[in-house]
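Participant: Here's the letter readout for the chains.
2 protein chains.
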Amino acid sequence: MARPLEELFAARGCAVVGASRNPQKAGHQILANMVAAGYDRGLYPVNPGGEEILGFASYASVADIPGRVELAILASPAASTPAVVDDLRRRMDERGDLLGVVCSAAGYAEVGTAEGRAHQELLASFCAEAGVRLVGPNCVGIIDTAACVDTTFIAGIVHAPGGISLASQSGALGAWLLMDWSATPAGRVGFRRFITVGNMADVDIIEGIETLGADEGTRVLGLYVEGSPAARRLVEAAGVAARRKPVLALKVGRSEEGARAAKSHTGSLAGTDALYEGAFQQVGVQRVRSPRELSDAMRAFDALPLPRGGRVFILTQAGGPGIFCVDELSAAGNLAPAAVSAKTKAALRAAAPPIASICEPEGHADITAAATAAQHVDCLEAVLRDDGVDAVVFITVATLFLDLEEMGRSMLARMAALRAEGIDKPVYPVILSGNWVMPCRRILEEGGLPTWDGPDRAVRVLSLMTERAAVEGRRP
Amino acid sequence: MARPLEELFAARGCAVVGASRNPQKAGHQILANMVAAGYDRGLYPVNPGGEEILGFASYASVADIPGRVELAILASPAASTPAVVDDLRRRMDERGDLLGVVCSAAGYAEVGTAEGRAHQELLASFCAEAGVRLVGPNCVGIIDTAACVDTTFIAGIVHAPGGISLASQSGALGAWLLMDWSATPAGRVGFRRFITVGNMADVDIIEGIETLGADEGTRVLGLYVEGSPAARRLVEAAGVAARRKPVLALKVGRSEEGARAAKSHTGSLAGTDALYEGAFQQVGVQRVRSPRELSDAMRAFDALPLPRGGRVFILTQAGGPGIFCVDELSAAGNLAPAAVSAKTKAALRAAAPPIASICEPEGHADITAAATAAQHVDCLEAVLRDDGVDAVVFITVATLFLDLEEMGRSMLARMAALRAEGIDKPVYPVILSGNWVMPCRRILEEGGLPTWDGPDRAVRVLSLMTERAAVEGRRP
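Here the protein sequences line up with chains H and U, keeping their order.
Quick note: the first sequence uses the working numbering, first residue 179, plus one each step.
Quick note: the second sequence uses the working numbering, first residue 179, plus one each step.
So here's chain H without its partners, still in its complex pose (with noise of 0.2 Å):
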């Protein structure tokens, strides 16, 4: 039987062969990524020119490695899988530690040729015959935070510890969510593991989502999917993991056209879509509908905690912005206005200005652009401890008069306190916009509170997590 994929991430020593001192190839950047990542059981350039990388002396093959290796890296051309083979098969053959390979290079099966099918197979049989585990070849790599991992060539990501953990048939989509996560407002989204699979000649994407499945320390499970000869068992691993936690699944090939660009891609068979559509909703996967929603509903699900129902407050200062949101809670199938009661509508208005209009429609208060920080946060106390509110959108639009850093730290403050009173609900601050408010956003996110650049994108991933609450309720 394989070695568990799971082994890889805990490797020590590794090897990066094709290293480069060259910043703009891949070589490069795997071994700088591992350093980022903090790395340090031991990092050895693979280099036939022996030349000193980022600090590390490079060794001309994995086999002259004096210290133990037991993942290998390959970032060197596919034409040199014969000589990387020979190499690793020495290795093995003399010391026997190799564990794993991740193979980021590109130019095998996918290329459909028959030298690079031949490349494939010929790495592959050989990882087979030695017990090594293969991740790709034509893959983006692993990350693993708590590991210190980052065998990927990704410019620009974060290393920040989270319970994010994502399993993807593709390379680039993976890469531009880690890369987005350095764009918000806090500069960083905390996540755990990151596994792509690329051609798939060994572990797949079905083990991939096992592995995250079983991994206690993944929160939340996001898949990008194109599709599996073995469609049924993706479905059923997907559903063992929704099972202790929530999994979200962007899963591509819905169109025709789509199916089709996905079997080119890696050769998936992407099966009919409207199956994986009914499968995946009986087995308790969540479908979202593009990489944003994935991204957004990865974040809040690991944030934020699960509402009991789906009555949901609006608290909003800003009249349009906040009918918007009305629109958009009721078109969301799940969601309704939380009807207050008379003792909160009281509070309300004790807290709000005086031009305030409370519960007109229910569920709805518009405290309007003359509500101060602190007005702010007392009518969000007020509708956090009504029984009859399960979540709340908080919707503000930057005015002069508002101190909108001091509303951040206060709402931070006073969800704290009601959480010490075993009050804990999911708020979802709609801050908008632009740059002008990125101070108060970058408070609220450094304060492990997701905030949303729009009522659609809050109302979004509320409504996912409604129905996660819904389907975790419905267990024995």
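The hints are simulated quantities; they were obtained by calculation from the structure and are not laboratory data.
Keep in mind the model is a prediction, meaning the values are calculated, not measured.
One or more hints might be untrue.
Unchecked claim - Below are the BS3-like pairs computed for lysine-lysine, each with C-alpha atoms no more than 30 Å apart in a straight line:
#, chain 1, residue 1, chain 2, residue 2
1, H, 203, H, 521
2, H, 441, U, 423
3, H, 521, U, 441
4, U, 523, U, 203
5, H, 441, U, 523
6, H, 523, U, 441
With the hints as your guide, set chain U onto chain H.
Facilitator: Chain U alone, transformed into the frame defined by chain H:
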């Protein structure tokens, strides 16, 4: 007959009643915004303290200003309305030069109190009797970048000239978009005019639409609509505008709850949403689904030529994001993959790296992460030259190996060369992602080409532009 709203933009001499030295007051920011907009036809702070504000001498009353005053902006509390109206009346009696009043203050009829209604009635009846137009009260103001007017108190606006205008029944909604535009890659979006109408005591949303529809400088008109007691006239006015230019409407109050919230906001009867839906479609007004979509569409319509049809080529170097885009294209309804000629396919094969996947399926080329900047641009040229291609979605996920800035500069140069040959088609660059790609996006946007952070946003605006092209094509 009332003088046209149009005249207010050209006003010579502007008094800011309630001007303040305190930067957190609207009466300060309005003055600052007029200065930032470049207004140089006479600015007069009115403040009982008589203090100098932002270097301008201030006056105790509008009536005391020695120079010409065609526009008065009211930022003093609603309670001061009787005194302000007395001053305005004295001005008209003595000088008779006022053409318009913009009342930014809140606390009028929207509050629902007898006092609020009385103050609004007092202000409105003075204006009506004196032949002075009134914008507001309870509005954010008006902007004209060409006439160097900005009566709003929105902070952080960049007054860049452009062809986009917006008429809005929500000041906050408009402020949201204007603030957003400061956070685009180039740090600005050119626009022409912005009109918020607040309580519509005189100038209503319909007149806003008529004015911007007739305005030569407005190339694309965006609307935020809650409703109107004269729904039929509103739709007709939008339809008249739509015969001259693209008109994009975000109409809220889609849901019953949303309609109630709209009524409570500006007292608008939202009307049956389905009636607006059908009527807008009949008169060629295009409905958008969110503020983000409104902003995206306005930007694209202003910057890009309309496609001749819906035949789209997806040029990507990233598998997953490309397949997602194929799905989005299929779902759009009015777009289809562009089947290019054998000659174009040969040109793509010659220009792209050997491992590229060309036209499998049709209308899609994945030139892979191995593609250089020059290869990207050569492939773009090949598809733009094909008569079967109406538009191109161009998707790039940053890699170390790709010089994105060089790619951006070359794209602009190549497209300019093609335009000189008469080949002018819309291109939608989706450059992913985060801070890492900002320099490239900045180059493209400063060169006049909007960029997108997801294929879905690009496809949606392309779909709207294709719809518009069809509307214009059907005209006699």
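Participant: Which earlier hints can't be squared with this structure?
Facilitator: Of the numbered hints given earlier, those the structure breaks are 1, 2 and 4, listed in rising order.
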